[in-house]
Every structure is written in structure tokens, then in C-alpha cells.
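S.K.: Going by this note's numbering, the letters in the sequence shown line up with residues 35 to 257, in that order.
Just to be clear, a hint being listed does not mean it is correct.
Said to hold, decoys possible - In the DSBU-like style, the derived pairs of lysine-lysine whose C-alpha atoms are separated by at most 35 Å in a straight line are: (1) K180 <-> K58; (2) K64 <-> K91; (3) K91 <-> K66; (4) K141 <-> K180.
To be verified - The calculated label-pair distances, taken between Cβ atoms and stated as ranges, are: (5) S38 <-> S132: 52 to 62 Å; (6) D94 <-> S38: 15 to 25 Å; (7) P178 <-> V122: 19 to 29 Å; (8) G49 <-> R237: 16 to 26 Å; (9) S38 <-> R61: 13 to 23 Å; (10) P235 <-> I188: 20 to 30 Å; (11) R249 <-> W131: 41 to 51 Å; (12) R92 <-> K64: 32 to 42 Å.
Since the hints were made in silico from the structure, they are not lab data.
Note that the Cβ used here is the ideal one computed from N, Cα and C, for glycine as well.
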Amino acid sequence: MKASGLILSVNKPRGWSSFAVVNKLRRALKWKSVGHAGTLDPAADGVLIVLFGDATKRCDEFMDLPKEYVAGIRFGVTTETDDLDGVVTQACDIADWSETRIANALKNFVGVIEQTPPAVSAIKIRGRRSYQLARAGKPELAPPRKIQIYSLRILEIRRPEIRVAVSCSRGTYVRSLARDLGAMMGWGGALSSLTRTAVGPYRVEQAFIVSDLVRCCPEFVFE
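Between the sequences and the hints, there should be enough to build the whole structure, so can you do that?
M.R.: Right, here's the structure in full:
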């Protein structure tokens, strides 16, 4: 007998879309109704909450949980997608590198702020995903929206990159943070790496590996 619902915290691998993870688990575990609570970009890894059956009705509850990330930010470059996977639109020499300036600039992003999502994202604009518009050659920015960054902590500084720990609300784009920080510094900036380390109480250290679920979970889900 199959349970009516299931909630799994999965460690999404780099190179996989969130949709691909959901599809893989849907086929392997033989659930018709499967979804996830918050898109994670293909280039990122880390916690993805996957909901099965009746648990999909609780999607908003999980999407509202605070998120934590470890992000790499590369200065001196601007791209169409605000990460290093996108086409470079501008490159800049960093002549006045200052760790103190970077630390002070980060303070401006802590709290409730208005943030413009990247031009390529899963946000819907007039019924179409932003990335679909970009692929069709009609990129369009979504309007700015209020988000909250609870804390920003520098983990490592190694010119021209920094690594930061980010704690933030639903709807925050770390790619936008990288872009906006780079603009504030006058150098340009793009996301170089991203790991979602936590969604609420669900931490990456305890998350399931997709391949392990595919191999072992049929016996776990069914009695």
C-alpha cells in the first residue's frame, strides 16, 4: 500500500534541472503527483524539497521557508544571465580591489530590499517563463520585488572572487545579488558557483542522493 504523501529533501546534483530531478523520481518511485518547492538552477547543487502525492498541497508552506546558500561571486565580468554560464556582456579590470570595500558594500544588501530578478529565470511574465522569452530572442526583465536577506557572511576572499554564506527569504535570486554587488563595486559581477545548504530545517548534510533514492526507495515507499 502506498502512502498518501511523501516529503524528501534531495541533494540536487550540478548539471540537473529541478524538473529533471522530479521526473527521475516520479518514474523511479511510481508516483503520479510529484513537484518541488523552489527551483534550483541547473548549475547549482544542494537542497531541493521534492513533494509526492498529498504533500504537493503543502508546496507554498515549504517555499516560504528561509533558504541558506554558499555562493561564489566573480568580479570583473557581467553576463546576460548573471552567472558564468551566460554570454559575457562586459569585462572590467579591477584596479582598486579592496576587501574592506567589499565587506562594507555587502552590508547594503542585508534586510528588506528591492531586487530585480535575472533576465533568464523561471519567473512568469505575461504567462511565459522568463527563460522562454530569452530563448525566443525577446528577453524581458521582471519588475523589482521585495525580498529579505537575513545575513551575509564572507567565507573566503581570493581575487577576483569571494565566497559568501547567504541566508534569505523566498524569492531571493543569488544571481541578482552577485550582479548588484558587482555593480555597486563598479566592477561588474556574476555568480560563479551556488550551493543551497538549507531550506528551513532541511540541511544538505542530511539530504538524500538521487541515485540512492532510485536504487533503494521503492522498498521504502511501498509496503
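S.K.: Check each numbered hint from earlier against the structure, then list the numbers of those it violates in ascending order.
M.R.: 12
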